[in-house]
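Protein chains: 2
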Amino acid sequence: MQPVIAVDAGGTHTRAVVADSAGRCLGVGTAGSGNPTSAGLAAAMAAVTDAVGTAVRQARAAGADEGATGGGARDATRASAPLEAECVLIAMAGHGVNAPIPAIAGAVEAAGALGPVRIESDILAMFSSGTPAGDGYALASGTGAAAIRIRDHRIRRTTDGTGWLMGDHGSGFSIGRAVVRAVTADLDGTGPATALTDPLLAATGVARDDTLYDGRVRTLHDLIDVVYALKPVQLSRFAPLVFRAADDEVARRIRVRTADGLAATLTALLEDDTVGPLVLGGSVLTAGVLPDPELRERMLAGWHGRAEPVIPAADGAIGAVVLALVRSGVPVDTAVFELIGSSLAALRGA
Amino acid sequence: MQPVIAVDAGGTHTRAVVADSAGRCLGVGTAGSGNPTSAGLAAAMAAVTDAVGTAVRQARAAGADEGATGGGARDATRASAPLEAECVLIAMAGHGVNAPIPAIAGAVEAAGALGPVRIESDILAMFSSGTPAGDGYALASGTGAAAIRIRDHRIRRTTDGTGWLMGDHGSGFSIGRAVVRAVTADLDGTGPATALTDPLLAATGVARDDTLYDGRVRTLHDLIDVVYALKPVQLSRFAPLVFRAADDEVARRIRVRTADGLAATLTALLEDDTVGPLVLGGSVLTAGVLPDPELRERMLAGWHGRAEPVIPAADGAIGAVVLALVRSGVPVDTAVFELIGSSLAALRGA
Chain R
1 MQPVIAVDAG
11 GTHTRAVVAD
21 SAGRCLGVGT
31 AGSGNPTSAG
41 LAAAMAAVTD
51 AVGTAVRQAR
61 AAGADEGATG
71 GGARDATRAS
81 APLEAECVLI
91 AMAGHGVNAP
101 IPAIAGAVEA
111 AGALGPVRIE
121 SDILAMFSSG
131 TPAGDGYALA
141 SGTGAAAIRI
151 RDHRIRRTTD
161 GTGWLMGDHG
171 SGFSIGRAVV
181 RAVTADLDGT
191 GPATALTDPL
201 LAATGVARDD
211 TLYDGRVRTL
221 HDLIDVVYAL
231 KPVQLSRFAP
241 LVFRAADDEV
251 ARRIRVRTAD
261 GLAATLTALL
271 EDDTVGPLVL
281 GGSVLTAGVL
291 PDPELRERML
301 AGWHGRAEPV
311 IPAADGAIGA
321 VVLALVRSGV
331 PVDTAVFELI
341 GSSLAALRGA
Chain X
1 MQPVIAVDAG
11 GTHTRAVVAD
21 SAGRCLGVGT
31 AGSGNPTSAG
41 LAAAMAAVTD
51 AVGTAVRQAR
61 AAGADEGATG
71 GGARDATRAS
81 APLEAECVLI
91 AMAGHGVNAP
101 IPAIAGAVEA
111 AGALGPVRIE
121 SDILAMFSSG
131 TPAGDGYALA
141 SGTGAAAIRI
151 RDHRIRRTTD
161 GTGWLMGDHG
171 SGFSIGRAVV
181 RAVTADLDGT
191 GPATALTDPL
201 LAATGVARDD
211 TLYDGRVRTL
221 HDLIDVVYAL
231 KPVQLSRFAP
241 LVFRAADDEV
251 ARRIRVRTAD
261 GLAATLTALL
271 EDDTVGPLVL
281 GGSVLTAGVL
291 PDPELRERML
301 AGWHGRAEPV
311 IPAADGAIGA
321 VVLALVRSGV
331 PVDTAVFELI
341 GSSLAALRGA
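Going down the list, the sequences are from chains R and X.
Just so we're aligned, residue 1 is where the first sequence starts under our numbering, counting upward by one.
Just so we're aligned, residue 1 is where the second sequence starts under our numbering, counting upward by one.
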């Protein structure tokens, strides 16, 4: 079997991996955002070419072409021919109906590789980064928030993931918005004082100035200018403040609402017909909710009574390799799963 | 004294009035949105020229130039000279530091008028549309929501009015967003069923279809497409749905939160040093909160104990004329205030 190419195209980084059918990672490459929604199509495709190109060159140096062709000769003719992959699997947010498959195929070809392109959900890849199981659940909260129920490595049900305006309960955006609104109400006198105000003013570079213009303090005028100059989802950058203001009652209410929102997203998904682990990922979970025993407990209330483990997500590129193998008809057991992880770690350490 | 020109430049309509120093309205003109933020600068200025031009022509036909010049001759030379106004006052939302004064002066000149341009708050004009008093309070909720405390016809304090992302508690946008989120949670299974769902689907033209794509019902996919194609503030168009779903618990909670949010905005503003009426305006108040005795009571809880009246806002153009006269040194008593209203009504009826 030809090797597979797996790409985890995130909003910040793109990771590409070339792996053989045993799960051994032969090449890895990284680049900037490969998500068309966050980076724009041209920049995203350039990142895919960059990351895949690096992974393919490293894999070729390791003899990726040899197994399939049965020969060891890597002459000039062979090196200039594209690497033929069994499957080119790209995990990305906002995948789906309007996925730019032809553009991705072009970006992969420009990187010196060929193969059928498949797009998969980034949360599904996140699930498979934590477990070789085909059944189970995943809950993610970064800038957005969503959960999925998985059967046979496919999404059976999705809850939330409806974006910053319609949902994303318990997401980084929701928390950041709540921080900005609480500080606005504090400065405006319409809400309680909060310890979030000084850190937000520091984070936005706004100085305290109680001079009134049009009956409103200058501090608030300046904060309005800064906030509306951001894209709405960029408010998620203020989410970490809420986990640092431990004793503040306003911050505590936002934390509790975050855990309860994520609990509702998870609970609506649970069904007796699906038994398997719960994989948790995203910065709000790893850096905010999970380290706090009270919040973790609230969030996982609906999970109680299930015997299956709760597993932190690992590198999404691992999950993309798992899905690329599974979609190519290669069963991924614990041994294959561990080889993917250890060989990828070895490549990165190299 | 020369006549004054008063313009109420709203997000939907622009009204311009030419009035003499006694408060008698001599000409009126209307056009589309004159607010640069909602219509764009060029379209807004064209609307100002249109409305002012109509008002000036009507006023000239009524002899607006005669009092100031002492003559009755309206020969061709006179008619082609600009109408000199004591003051050209424009009331608009988002007035303030970056107001396009030169552009407005140009738009007024193109309409055949001249005079010093002043920009004033639309909520201040709303206050003066309801009362000739110089002191008091105003609370407005349309797409946005804000309140002001007024002394001597000037804004002393503003609460809220911080926009859809940072505040606007109890506004049409806040209600519309809450409706969309409640329906999303209903369709997603993460929140309770609500009687708001069918009306919102009807309003957005989305058909019920429970087929799952990526683990999510098609109805929700389609609603996501419709909602994210709107500008965020356009969610305010769904606000009326919440006042029609009388017996729905989800809608009731949104209504109560609306009244409580507006109560907080008003209460933070009240001071013993300012005695005067409270003027209430904006579609959320006139069509939603005020007709409901329970909501009205909740919203005005902080106002209780004050002897001053609660007055519904009238035509913002009346308030703009009041401000134009006051800023020109003309005291506006009850008789002048009533003449403004009656002469404007007569012009419109003509």
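These aren't lab readings, by the way, just hints derived from the structure by calculation.
Each hint should be verified, as a subset may be incorrect.
Since the list gives no way to pick one copy over another, a pair counts as held whenever it fits inside one copy or between any two copies.
Said to hold, decoys possible - As a list, the in silico SDA-like pairs of lysine to any residue whose alpha-carbon atoms are at most 20 Å apart:
#, residue 1, residue 2
1, K231, T37
2, K231, A203
3, K231, L41
4, K231, L165
Right, here's what the structure says about each hint:
no., hint, verdict
1, K231 / T37, "both (13 Å within a copy, 17 Å between copies)"
2, K231 / A203, "within (16 Å within a copy, 27 Å between copies)"
3, K231 / L41, "within (18 Å within a copy, 22 Å between copies)"
4, K231 / L165, "both (12 Å within a copy, 11 Å between copies)"
Against the hints set out earlier in the document, no violation occurs for any number.
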